[in-house]
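Let the hints inform the model, and build the full structure from the sequences given.
Number of protein chains: 2
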Amino acid sequence: MSLIVMKFGGSSVGDAERMKRVAKRIVERKQAGHSCVVVVSAMGDTTDDLIDLSKQIYDGAPPAREMDMLLTTGEQVSVALLSMAIHNLGEQAVSYTGWQSGIYTEPVHSKARITDIQPHRVLKALEQGNVVIVAGFQGMTESGEITTLGRGGSDTTAVALAAAIKADLCEIYTDVDGIYSTDPRIVKVARKLNEISYDEMLELANLGAAVLHPRAVEYAKNYNVTLVVRSSFTYNEGTNVKEEAVMEQGIVVRGIAYDKNVARISILGVPEKPGQLAKVFIALAEEQIDVDIIVQSGVISGSADFSFTTTLADREKALTVIEKIRGDIGYREVTSEVNLVKVSIVGAGMVSTPGVAATMFKVISDLGISISLVSTSEIKMSCVVDNTNLTEVIRALHTAYGLDTTEHAFVGGPEDRR
Amino acid sequence: MSLIVMKFGGSSVGDAERMKRVAKRIVERKQAGHSCVVVVSAMGDTTDDLIDLSKQIYDGAPPAREMDMLLTTGEQVSVALLSMAIHNLGEQAVSYTGWQSGIYTEPVHSKARITDIQPHRVLKALEQGNVVIVAGFQGMTESGEITTLGRGGSDTTAVALAAAIKADLCEIYTDVDGIYSTDPRIVKVARKLNEISYDEMLELANLGAAVLHPRAVEYAKNYNVTLVVRSSFTYNEGTNVKEEAVMEQGIVVRGIAYDKNVARISILGVPEKPGQLAKVFIALAEEQIDVDIIVQSGVISGSADFSFTTTLADREKALTVIEKIRGDIGYREVTSEVNLVKVSIVGAGMVSTPGVAATMFKVISDLGISISLVSTSEIKMSCVVDNTNLTEVIRALHTAYGLDTTEHAFVGGPEDRR
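As they're listed, the protein sequences go chains R and D.
Convert by adding 41 to the 1-based position in the first sequence; the result is the number in our numbering.
Convert by adding 41 to the 1-based position in the second sequence; the result is the number in our numbering.
None of these hints come from the bench; they were simulated from the model.
Here the structure is a predicted model, which means the values were calculated and not measured.
Every clue listed holds true.
Since the list gives no way to pick one copy over another, a pair counts as held whenever it fits inside one copy or between any two copies.
Mimicking DSS-like on lysine-lysine, the simulated pairs with C-alpha atoms at most 30 Å apart in a straight line are: (1) Lys-65 x Lys-96; (2) Lys-358 x Lys-314; (3) Lys-152 x Lys-165; (4) Lys-165 x Lys-65; (5) Lys-207 x Lys-262.
Now the structure itself:
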């Protein structure tokens, strides 16, 4: 018998039928002797419908405080209905909003961070034998203002609550049945992982394997909460996310991620002077431009070339910024490139295994593809390449690192990442 | 410059356009120099939609606590959107739920009574120059449970809040432009009243002129809050509801109400013994049967006849109850009648004016209609008659009591009475 936090996203409770199925799932857990706290998101399209309503009322971006008042109703509807669905199966349940659950946040709207959880009501209701249903994505400031946690907020609620009540496990129910070695829609032989470390998960999540929000993973890492990512539609075993994740014999790469939203910008012939790089990236940061990989080659005869990647949407803005500081920096030329993809291999054991990088370069060059940028960290290596052969590249890497399996991936509908 | 509470019902904010019109109305008040607190109900069909959802989830009547969690989201959506709509017109506004407004209730779900209001947040926000938007129909218990006030709850919220913040006026915006001397859909020449007393309003409201919830009127009477009932669609003057309402010269009846949901049951030949009436009505009360008028004729040769009215829905149940206690009471016979209507004249001055009752009897008998039951109080007299000639009866009474006018009534869409 253990204390479990179960989190269900918006598409898992998208309509009355799904809501009832989720209730059944929870009641099974409860009747197996576990104490259950359930965190749930707004039903399916609720959030989008509320945003549409606000657009009919307000020209432009509505006041964030009022937007939080509006959107938090979505989860409140979910918790009330899910509690009813559990009652309907003959079990006791009680629903709480964020503020009722003692979830305190910074005084910031639309993307507040949790500052404290005072879970006495949740714990008392559990003691009384209830399934406790908590609204995800929301909290309250010290002064009683309703706030939201931003994207991935319900994941964060679940993990933070699991830490606060010292749960044995935090189960994230989603529309896939676990974390895969790569996107199973691209590589049919993608391997479902039994285990993955927090750091590996963070690298994969940031790179687009968006099953679990990075903030929630960070939170889990900080408080050492064991996560299980599993399907709300099947009873398949999920993937455990924890500090020490065991690697299978002979495998060094955990997974392969990719990101198509990438543009390369290169600044060539920058005269070597201290602080040149800083000037460029301060100017970009001031315009809120997202910069990912930064690479500088060596200095040749007093001048250097460097490159960085940004999102496709930010490319034009970045070029304008760089043009503005031309006089100050005194570079020779700027080039940029789109139609790229960043392919990354991730694995905690990579750093101690020779030849991992060489394999990646060889696989890509064997396909006749040239590499535009390379970046490496302790557990990740990324290559930015032309995106026309993405599928081929990922399949070849997947095979080369010994990740192919015969298992069949389960992929459900699109999950709401709120 | 005064402090005004304005209350808007569900149909006044039924869609984005209506919401914007209400916002404009509020901003006009604000810009005329008034401080405004606005109480608003859930938008149009929201409550019904939420109830439908709950029916898809729960077989039967869902747990009342969870129903309150569900339904209170309706008003929260309204307050957030209305606040946005006011911001959109360039004025400051802030929205609050029931609990944020300091509205405390009994620990009862679906029909809680307000026990206390601690309006410091509302007052502070007013001081800061905000229009304050408060969710109607909802409150919080001492232990932080969300409750609802039941039907007419938003009216009650508005009046109670007006009392707590010592507002100069509580304006109830609705889909008609005031209280009429009778139903203007029946009598085209119905007179809009400038003033009406709390007691008269209570009698009219209970009888079906359901513009303002009786509980709210009682509250207003207890705390001496001046109410104004007016249209949210026109700028016509409304009706003032207050303690001392002035009567026009020569008029003694304020208004005429009717109720078609009425069945008569008569118990004939009841042997005269103490406690016979009590036995009957205790038995009916135990089955939650609603009893309105009770009439007993005099005792003739040791036995009495008495009659009462109930709703059409409760008639069968009442007859069953009476059959069960036949042996105990020892009555001779039971009769019942449907297709009736209760017509009532209401006026605070009736008690001191001779001939008011005689006029009512004469008007009805001149139409060739026989009277089934009569009941009188200090400010009201009701006759239960055959319902086939309802329109004729009301028109004739309206003329006889000098109430006809040439003014044109404004009647909007159906207002949500929540």
